[in-house]
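2 protein chains.
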Amino acid sequence: MRSVQFTTETTSNGVVERDFTVGDVPGLLWSPASGADRAPLVLMGHGGGTHKRWPAMTGRAHLLVNACGFHVACIDAPGHGDRPRTAHDEQEIAALFEAREAGEPEGPIVVRYNAHLAKRAVPEWQATLDALQGLLEIGAEGPVGYFGLNMGTAIGVPFVAAEPRITAAVFGLHWPDALAGPAKRITVPIEFMLQWDDEHIPRAAGLALFDAFASKEKTLHANSGRHKELPRFEADSAVRFFARHFGRAVTSPA
Amino acid sequence: MRSVQFTTETTSNGVVERDFTVGDVPGLLWSPASGADRAPLVLMGHGGGTHKRWPAMTGRAHLLVNACGFHVACIDAPGHGDRPRTAHDEQEIAALFEAREAGEPEGPIVVRYNAHLAKRAVPEWQATLDALQGLLEIGAEGPVGYFGLNMGTAIGVPFVAAEPRITAAVFGLHWPDALAGPAKRITVPIEFMLQWDDEHIPRAAGLALFDAFASKEKTLHANSGRHKELPRFEADSAVRFFARHFGRAVTSPA
Numbered sequence: 104m105r106s107v108q109f110t111t112e113t114t115s116n117g118v119v120e121r122d123f124t125v126g127d128v129p130g131l132l133w134s135p136a137s138g139a140d141r142a143p144l145v146l147m148g149h150g151g152g153t154h155k156r157w158p159a160m161t162g163r164a165h166l167l168v169n170a171c172g173f174h175v176a177c178i179d180a181p182g183h184g185d186r187p188r189t190a191h192d193e194q195e196i197a198a199l200f201e202a203r204e205a206g207e208p209e210g211p212i213v214v215r216y217n218a219h220l221a222k223r224a225v226p227e228w229q230a231t232l233d234a235l236q237g238l239l240e241i242g243a244e245g246p247v248g249y250f251g252l253n254m255g256t257a258i259g260v261p262f263v264a265a266e267p268r269i270t271a272a273v274f275g276l277h278w279p280d281a282l283a284g285p286a287k288r289i290t291v292p293i294e295f296m297l298q299w300d301d302e303h304i305p306r307a308a309g310l311a312l313f314d315a316f317a318s319k320e321k322t323l324h325a326n327s328g329r330h331k332e333l334p335r336f337e338a339d340s341a342v343r344f345f346a347r348h349f350g351r352a353v354t355s356p357a
Numbered sequence: 104m105r106s107v108q109f110t111t112e113t114t115s116n117g118v119v120e121r122d123f124t125v126g127d128v129p130g131l132l133w134s135p136a137s138g139a140d141r142a143p144l145v146l147m148g149h150g151g152g153t154h155k156r157w158p159a160m161t162g163r164a165h166l167l168v169n170a171c172g173f174h175v176a177c178i179d180a181p182g183h184g185d186r187p188r189t190a191h192d193e194q195e196i197a198a199l200f201e202a203r204e205a206g207e208p209e210g211p212i213v214v215r216y217n218a219h220l221a222k223r224a225v226p227e228w229q230a231t232l233d234a235l236q237g238l239l240e241i242g243a244e245g246p247v248g249y250f251g252l253n254m255g256t257a258i259g260v261p262f263v264a265a266e267p268r269i270t271a272a273v274f275g276l277h278w279p280d281a282l283a284g285p286a287k288r289i290t291v292p293i294e295f296m297l298q299w300d301d302e303h304i305p306r307a308a309g310l311a312l313f314d315a316f317a318s319k320e321k322t323l324h325a326n327s328g329r330h331k332e333l334p335r336f337e338a339d340s341a342v343r344f345f346a347r348h349f350g351r352a353v354t355s356p357a
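Protein chains in written order, with my numbering: chain U, 104 to 357; chain W, 104 to 357.
Incorrect hints may have been included.
[Said to hold, decoys possible] Once the Cα atoms are required to be at most 20 angstroms apart in a straight line, the calculated PhoX-like pairs of lysine-lysine come out as:
id, chain 1, residue 1, chain 2, residue 2
1, U, 222, U, 287
2, U, 287, U, 319
3, W, 222, W, 287
4, W, 287, W, 319
5, W, 319, U, 331
6, W, 331, U, 319
Derived from the structure by calculation, the hints contain no laboratory data.
Working from the sequences, and respecting the hints, build out all of it.
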């Protein structure tokens with residue numbers, strides 16, 4: 104098993120942020136600066152075209168650490184952030200930009216490229232989780248959550264379906280084509296976000312993906328607005344979702 | 104204008120509960136025992152077959168008062184609680200029980216009876232709001248919310264559509280047949296609750312009602328489970344919804 108190699112460490116607003124690698128996969132680990140006891144871990148998957156240090160990632164990480172004292176980790180997806188792109192990556196990204204330029208639907212390209220990335224990313228996430236659980240402040244017994252929208256859902260759904268250590272997950276904003284199958288094998292509580300006026304994902308497609316999850320407890324949050332208009336308060340809702348399932352009080356307004 | 108006539112007053116857990124009447128309509132008003140300054144008002148509509156003092160009503164009222172310092176009021180709907188039933192009420196209630204007994208769909212009876220009750224109830228709510236705004240601790244300037252599920256939605260949707268003083272509302276668990284029309288005239292922020300496995304309200308019917316609201320900001324919370332299995336945490340969510348729109352911090356865990 105590969106271990107976590109830490110490189111840099113900074114502290115801001117009560118949160119310690121550490122760069123790490125597991126093998127050749129770079130990640131970020133956010134933890135309470137107070138040096139909390141062993142605490143639950145939330146893994147975050149970033150969206151397509153972004154990376155582990157994207158503002159949405161650092162913002163959610165700070166919410167989760169400050170409100171609940173969790174550890175939070177995010178790794179760069181294949182071809183994203185500090186990671187090299189393959190020729191196949193370049194080709195798919197070019198196809199996506201061409202479709203966008205031509206005003207053609209992005210869905211078919213996003214669906215197939217994200218499914219390809221998920222195949223590469225799932226074993227990376229598993230190795231990362233193995234390594235993170237080797238840290239004293241996390242350990243192998245605590246609950247583990249997963250939080251990822253857009254491409255973070257495309258990678259997260261097959262990851263959570265394959266990974267019994269994940270006991271609660273927040274997903275959303277993706278198509279059912281490649282994901283309904285693994286979603287049917289997921290039984291842990293989920294919160295799922297959908298944009299009611301999404302210009303890329305047809306409403307029925309988003310609802311079909313939510314419907315596919317076998318989870319006894321699942322909640323759909325559908326908000327008016329277009330694909331990128333997910334309200335900021337849904338990040339607070341995700342924090343409360345993990346707090347509820349991991350038995351932590353929310354100690355700062357979230 | 105009729106004024107609020109208070110009868111009994113009790114205090115428990117930081118909440119003053121006062122019985123009142125406006126004309127011949129009996130209601131309950133819950134307020135902070137701390138004697139807060141002028142505060143926003145949330146009107147609550149109860150469900151069919153229940154009344155103003157039903158545990159769901161008193162529970163939600165205590166959450167809203169304790170978490171946000173709001174005033175909260177609920178009145179008995181026509182034919183409910185302390186109010187007399189007409190021959191028509193008796194007839195419709197008998198029809199509902201017969202359908203239930205025979206395993207026939209309740210929807211058509213609930214839809215038509217609730218639409219009838221809404222016609223009687225809307226002017227009562229308007230007179231109640233007029234009178235409550237005459238109280239010093241409420242006043243006519245503060246924001247007013249409406250929170251009602253089931254029959255509370257059947258009455259609340261036409262009420263809110265007709266009432267510009269309501270600036271945010273929580274609805275859910277009803278059919279679109281009689282309500283999609285008035286919902287199309289509602290533009291204030293709404294939160295809408297739907298049970299994904301509702302045995303009475305077809306999923307498409309619940310989604311169609313949510314879709315009908317003209318509100319720029321609207322959020323659907325759909326939870327797995329049957330009609331009566333709405334999770335308790337949705338009451339907390341409604342409290343946060345009103346806190347967000349009325350600019351109040353949630354001061355106790357909600």
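Can you name, in rising order, the numbers of the hints this structure does not satisfy? none
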